[in-house]
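Student: Here is how the chains run, residue by residue.
Number of protein chains: 2
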Amino acid sequence: MSEIRVIKIKQSVLANNDARAQKLRGELKQHGVFLLNVMSSPGAGKTTLLKNIINRLKGEFRIGVMEADMDADVDGKEIASSTGVKTIQLNTSGECHLDAKMTSEGVEALGYDDLDLIILENIGNLVCPAEFDTGATASMVLLSIPEGDDKPLKYPLMFTKGNFFVFTKMDTRIVFDFDVEKASKRILALNPDAKFFPVSAKTDEGIAELVEYLRKRINTYKAE
Amino acid sequence: MSEIRVIKIKQSVLANNDARAQKLRGELKQHGVFLLNVMSSPGAGKTTLLKNIINRLKGEFRIGVMEADMDADVDGKEIASSTGVKTIQLNTSGECHLDAKMTSEGVEALGYDDLDLIILENIGNLVCPAEFDTGATASMVLLSIPEGDDKPLKYPLMFTKGNFFVFTKMDTRIVFDFDVEKASKRILALNPDAKFFPVSAKTDEGIAELVEYLRKRINTYKAE
Chain A
1 MSEIRVIKIK QSVLANNDAR AQKLRGELKQ HGVFLLNVMS SPGAGKTTLL KNIINRLKGE
61 FRIGVMEADM DADVDGKEIA SSTGVKTIQL NTSGECHLDA KMTSEGVEAL GYDDLDLIIL
121 ENIGNLVCPA EFDTGATASM VLLSIPEGDD KPLKYPLMFT KGNFFVFTKM DTRIVFDFDV
181 EKASKRILAL NPDAKFFPVS AKTDEGIAEL VEYLRKRINT YKAE
Chain B
1 MSEIRVIKIK QSVLANNDAR AQKLRGELKQ HGVFLLNVMS SPGAGKTTLL KNIINRLKGE
61 FRIGVMEADM DADVDGKEIA SSTGVKTIQL NTSGECHLDA KMTSEGVEAL GYDDLDLIIL
121 ENIGNLVCPA EFDTGATASM VLLSIPEGDD KPLKYPLMFT KGNFFVFTKM DTRIVFDFDV
181 EKASKRILAL NPDAKFFPVS AKTDEGIAEL VEYLRKRINT YKAE
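Protein chains in written order, with this note's numbering: chain A, 1 to 224; chain B, 1 to 224.
Any given hint could turn out to be false.
Listed below are the simulated DSS-like cross-link pairs for lysine-lysine, each with C-alpha atoms no more than 27 Å apart in a straight line [as the list claims (entries may be wrong)]:
{"#": "1", "chain 1": "A", "residue 1": "K202", "chain 2": "A", "residue 2": "K182"}
{"#": "2", "chain 1": "A", "residue 1": "K23", "chain 2": "A", "residue 2": "K202"}
{"#": "3", "chain 1": "A", "residue 1": "K77", "chain 2": "B", "residue 2": "K77"}
{"#": "4", "chain 1": "B", "residue 1": "K216", "chain 2": "B", "residue 2": "K195"}
{"#": "5", "chain 1": "B", "residue 1": "K77", "chain 2": "A", "residue 2": "K51"}
{"#": "6", "chain 1": "A", "residue 1": "K185", "chain 2": "A", "residue 2": "K23"}
{"#": "7", "chain 1": "A", "residue 1": "K202", "chain 2": "B", "residue 2": "K195"}
{"#": "8", "chain 1": "B", "residue 1": "K202", "chain 2": "A", "residue 2": "K182"}
{"#": "9", "chain 1": "B", "residue 1": "K195", "chain 2": "A", "residue 2": "K182"}
Some chain B residues judged to face chain A by a derived CB distance under 10 Å, without partners named [stated by the list, open to error]:
{"#": "10", "residue": "A44"}
{"#": "11", "residue": "K58"}
{"#": "12", "residue": "E131"}
{"#": "13", "residue": "P156"}
No lab work stands behind these hints: they were computed from the structure.
Glycine residues also receive a C-beta, built at the ideal position from the N, C-alpha and C atoms.
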């Protein structure tokens, strides 16, 4: 009995969430603001990669950052101090994902008017964040070399929902068995339009290509 | 409105879950079976560590394994083929945790009578699995060096709920900044009784100490 009730409630909330996400996506488009949702496991290197990307794009685009954490604020402080861009911290009080309502509240707190790009660093988790449409324009999913190339097999929803994929910590291939081609094929089987960016924030490998891709996507979106 | 309903349902299910977990724990105790719940992020090295531990303990204890995955069976096959112990795969159909009911069903499928130790490899996730008491005798939490020593700050519930903590992939300290002392202090602040085992399944560093600790805990439990 109890399971059936949970599932019903979840579906109802998810339906509400989808409508809310579409509304937010429309509002963002109207204001010419690109919202990038960033997802990965804990410790895959989201914050480090974002600092790197933001510092390369902030001369061109007005950037705001929403850092989501269950109840910490370390990443928000780190991003704000190292990039100088407008940053807010969203605390989910233990929830393992952001939904469209929480994302809308964050966007409202940051403000639409003086921004071109909002980056949402989602909770570190390969499961729940993939289940909720945040209303983002695009989703970037990170998979770090130490996690292993089997993750797309074990967390298929995340690798289905992402739009483009960044293999992080490429410099650590010397100590880990991670087959980039195998991982890419596993993601393509779920997500035929997936794009891949192997990077290292330590050596700068691949960062320029990823930044160029983001630049083009944001400019195309704003020009449409 | 919708949030309030979700929270109420969740609390009700959690209360049921706690009762069910206590029941399972009692049944396990009665049968002298130690249930070890193993939790971590995706890719922290649960399967590799478990293979190593099982092969060192299987001469002494009759071991069964429950591999939980959202919808894959790769880890179950890997454990079964490399250790030869009785293994079943639990698929959660997308749920990011096991609750006491699912765990009970798994234990029933494995059978109580011819086992001393059941190992549950939970879903790779630092959030949801910590929210549900599975009914396990003890919980072992892995934190891998590549994930970073800040994880206890960001996922405090997991580091509060675990009973002992294994720092995995210690051989990779050459490429990562991870302060074992800092991580330990952060966990102790949440969990004053925490015990720590820095290990590498690649070099065997620390594995003997961890196995000895498990051996003592299981024997004490069975003798009580």
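Student: Now look at each hint and say whether the structure bears it out.
Tutor: So, going through the hints one by one against the coordinates:
Proposed proximity of K202(A) and K182(A) is supported: the alpha carbons are some 23 Å apart, at most 27 Å. Proposed proximity of K23(A) and K202(A) is contradicted: the alpha carbons are some 38 Å apart, above 27 Å. Between K77(A) and K77(B) the CA atoms are separated by roughly 43 Å; this puts the pair beyond 27 Å, and the hint is violated. Distance hint between K216(B) and K195(B) is fulfilled; the C-alpha atoms sit about 14 Å from each other, no more than 27 Å.
In summary, the hint linking K77(B) to K51(A) is not supported, as the alpha carbons are separated by about 40 Å, beyond the 27 Å threshold. Of the supplied pair hints, the one linking K185(A) and K23(A) is violated, its CA atoms being roughly 34 Å apart against a limit of 27 Å. Taking the CA atoms of K202(A) and K195(B), the gap is near 32 Å; set against the 27 Å cutoff, the hint is violated. Of the pairs offered as hints, the one joining K202(B) and K182(A) holds, with about 22 Å between alpha carbons and a cut-off of 27 Å not exceeded.
Pair hint K195(B) plus K182(A) does not hold up; C-alpha atoms about 37 Å apart against a cutoff of 27 Å. A hinted interface residue such as A44(B) counts as satisfied when its beta carbon comes closer than 10 Å to some beta carbon of chain A; here the least separation is about 8 Å, so the hint holds. Using the Cβ-Cβ criterion of 10 Å, the hint placing K58(B) at the interface with chain A is not satisfied: the shortest such distance is roughly 24 Å. The beta carbon of E131(B) is positioned within 10 Å of a beta carbon in chain A (closest approach about 8 Å), and the interface hint is therefore held.
Annotation: interface hint on P156(B) holds; nearest CB of chain A at approximately 7 Å, less than 10 Å.
This entry does not satisfy hints 2, 3, 5, 6, 7, 9 and 11, going by the numbered hints stated previously.
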